[in-house]
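As a plain string of letters, each chain reads:
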Amino acid sequence: MVIKVENLTKRYGDLIALDNFNLEVNHGEIFGLLGPNGSGKTTAINCILSLLKYDKGTVKIYNKPMAPDAYDIKEKIGLVMQNVAVFEELTVYENVDYFCGLYIKNKKLRLKLVEEAIDFVGISYYKDFYPKMLSGGLLRRLNIACGIAHQPKLIIFDEPTVAVDPQSRINILEGIQKLNKAGATIIYTSHYMEEVEQICTRIGIMDKGRIIAIGTKEELKDMISSGEKITVELFSMDNKILEDIKGLPHIVSAEYRDNSLIVRSSKGKNNLVSVLDYLKSNDIDFGRIYSEPPTLNDVFLEITGKELRD
Amino acid sequence: MFLHNYIYRLKCIIRDKEFLFWTLLFPIILATLFNFAFSNITEAEKFTRLNIAVVDNEEFRQNTALQRAIKAAANSSGDKDQEGLFNIRYTSKEEGDKLLEDREIEGYIYLDNGIKLVVKESGLSQSIIKGFMDHFMQLSSTLETIIRKDPQSMERGILDKAEAAINYLKEVAPSKSSPDIVVNYFYNLIAMACMYGGFWGLKEVTVIQANLSSQGARINIAPIHKFKIFIVCVLAAVTVQLFEILLLLAYLALVLKISFGNQIGYIIFTCIVGTITGVTFGAFVASVVKKGEGVKIGILIGSSMTMSFLAGMMYDKMKYIISTKVPVIGYLNPANLITDCFYSLYYYGINTRFFINIGVLCVFIVFFSLCTYLILRRQKYASL
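Top to bottom, those sequences are chains A and B.
According to the working numbering, the residues represented by the first sequence are 1058 to 1367, in order.
According to the working numbering, the residues represented by the second sequence are 221 to 604, in order.
Be a bit skeptical, because a hint or two may be false.
From chain B, some residues computed to sit far from chain A (all C-beta separations above 12 Å) [stated by the list, open to error]:
1. M221
2. Y228
3. A251
4. A257
5. D322
6. L344
7. K423
8. A430
9. I439
10. I449
11. T544
12. K545
13. Y551
14. Y567
15. S603
List time: in silico BS3-like cross-link candidates among lysine-lysine, alpha-carbon distance up to 27 Å [as the list claims (entries may be wrong)]:
16. K1278/A <-> K1326/A
17. K545/B <-> K1110/A
18. K231/B <-> K1169/A
19. K1133/A <-> K336/B
20. K313/B <-> K336/B
Have a look at the derived ranges for each label pair, beta carbon to beta carbon [unchecked claim]:
21. Y226/B <-> A1239/A: 31 to 39 Å
22. I492/B <-> T1115/A: 44 to 52 Å
23. I492/B <-> K1189/A: 30 to 38 Å
24. I227/B <-> F1186/A: 17 to 25 Å
25. A473/B <-> K1189/A: 48 to 56 Å
26. K1189/A <-> L245/B: 49 to 57 Å
Quick caveat, the hints were computed from the structure, so don't treat them as lab data.
Please read all numbers here as calculations on a predicted model, not as lab measurements.
Cβ atoms here follow ideal geometry from the backbone N, Cα and C, with glycine treated the same way.
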């Protein structure tokens, strides 16, 4: 086991930021910590890394208690923070070299690792640029290079794609998967469920300082009663039709807005077929049809009663 | 590891243009302005000969003693640094009145049943002329009395001896350097520049504190001891600041021609101690004040300027007032201690006063460093 956290509790006065937080991360995983802003993801990471004091609980990394002076553990960890943590006065190359130098004493090895990290995030062309000359996306990539240059075994990405353009986002997500394939265990925190679904092998959903659900994305979706979401383009609608559809088997809700009939079903087969059969049999003309499986947002919605982005 | 960190901290410091302005350019600009402002101060204190007139009438021509005295006062005494008192014109009374009316002379001496001084107004110049006249009349009266009682004294040359006016007191300067109030302003300026080293101390503590900067958070999760990184950062800050202070010193000495006496080794030693005091003071402020960077910089500038003010940078009498009324403040003010080191070196050379100042500065360095480290070594933060 790479990380084992038990009953971690962190209070800021009356506010409980982490409430008996438990977590286990296994070797070789990309573990996603998904939750809305303020759910406690970054606080959990800072406590795990012994940056923040906590009131209660234990943190073990590689089966050893984590502490500020646990240098043997620290040298195996890389952190890519939410804020870009680089020096404005140093160039791209110098920044990566400086932070890599805090871990790697051998100069020859360090120079090789720095070059590799810069190549890996795709900013070789900008090596001699100062951070203020870089776009937001390139800055994020530099931030990643600084966190991974020493080739850590455990890499923690804390919301690395906030305010990043789509191209850089794809680049970052692909990079994380490559690092994982190369042997690194990853913890990835985000409030973007699509990203977490895309790259994480296991996901913990956080709310109000606790993990409220944990598992693979399929396991999480199986936990809830919601099934597919069916959207049918309709140009007219009356209340009788809406009520009839709501009465069909396994249909949880139906609503009509923006020329679309939106139907949510519970788990079960042939829900789409039964809706279409009803429309055909009543000679109702319809346009395009979409069927979407439940998302992690549906999981969060069902467990907490609110949207993930609320 | 040490060299790696040290070199990169040096790079970060010397590329920080804002702080470079405050620590290097600002003192140089201020020194240049001081130089302009003070260049005429000593000129104003120089004595200029007074223009007077003597009414050349029959009574004056008969008074050979006064003629000799005026002639002696008009001429240099032979000492290169000591010029005569008066530029003298010999005129008629009417001409003397006109010259006085036209303000071409400060007054005129007129003999009419005794010596009279005619002036248009009262002031320093007129007081000097009157002083001369009083001195002459007092001396004349004394000599008259002596000669009346002892006519033989004339033969023994009493008149020549009286004119010789031997001064039995000799002025001896405590140091080889000549007194100059202007140098104190520049010593204060160096002290202020040393205290501005606090900018670098503040910067360095900020970058290694996880609760003050995101770079600090990254450094805190690295496998490196906090004390080691603190020492490296302070050393880098001291290196840059010392270089800047030596540049300022060179500018003052070589360009502005400010005298620092001849104790160059001890002057550089004072700069080193002053620089370390400034840098550790900034580190102390950064670690103790729990506010944003802007507030910390404000406190640093405010406290440095207050220290400099109390050391006499804006008002030259302040140093004297503090040292006589509340001397303890003088010892609690690092800027004053640095200024006083230069001051005592310039006027008195190496002495106890210099070493006491250095000793108190060293106590400050230990205090600031210890407090900073005790706060920094707290390895976990309550909030980030």
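Take the C-alpha atoms of K1278/A and K1326/A, compute the straight-line distance between them, and say whether it is at most 27 Å. Measuring from Cα to Cα gives roughly 16 Å; hence the hint holds.
May I ask you to check that M221/B keeps its beta-carbon over 12 Å from the closest beta-carbon of chain A? Answer for M221/B: violated, closest chain A Cβ roughly 6 Å.
Could you tell me whether the CB distance from I492/B to T1115/A stays inside 44 to 52 Å? For I492/B and T1115/A the Cβ distance comes to about 49 Å; the hint holds.
Could you let me know if the closest chain A CB is still more than 12 Å away from the CB of L344/B? holds, 59 Å
Could you tell me whether the CB distance from I492/B to K1189/A stays inside 30 to 38 Å? Distance hint for I492/B, K1189/A holds at roughly 35 Å.
Status of the given 31 to 39 Å range, CB of A1239/A versus CB of Y226/B: Once the Cβ atoms are compared, 33 Å apart, the range 31 to 39 Å for A1239/A and Y226/B holds.
If we take the beta carbon of S603/B, is the closest beta carbon in chain A still more than 12 Å away? Violated, because the least Cβ-Cβ distance between S603/B and chain A comes to about 7 Å, which does not exceed 12 Å.
Between K231/B and K1169/A, does the CA-CA distance stay at or below 27 Å? holds, 22 Å
Least C-beta distance from K423/B to chain A larger than 12 Å: About 10 Å separates K423/B from the closest Cβ of chain A, which leaves it inside 12 Å; violated.
Would you check whether the claim that I449/B is not at the interface survives, using Cβ distances to chain A and the 12 Å cut-off? violated, 8 Å
Nearest-CB test (12 Å) between chain A and D322/B: holds, 69 Å
Far enough from chain A: is every CB of that chain over 12 Å from the CB of T544/B? holds, 47 Å
Violated hints, listed in ascending order, are 1, 2, 7, 8, 9, 10, 15, 17, 19, 25 and 26; each of the other numbered hints is respected by the structure.
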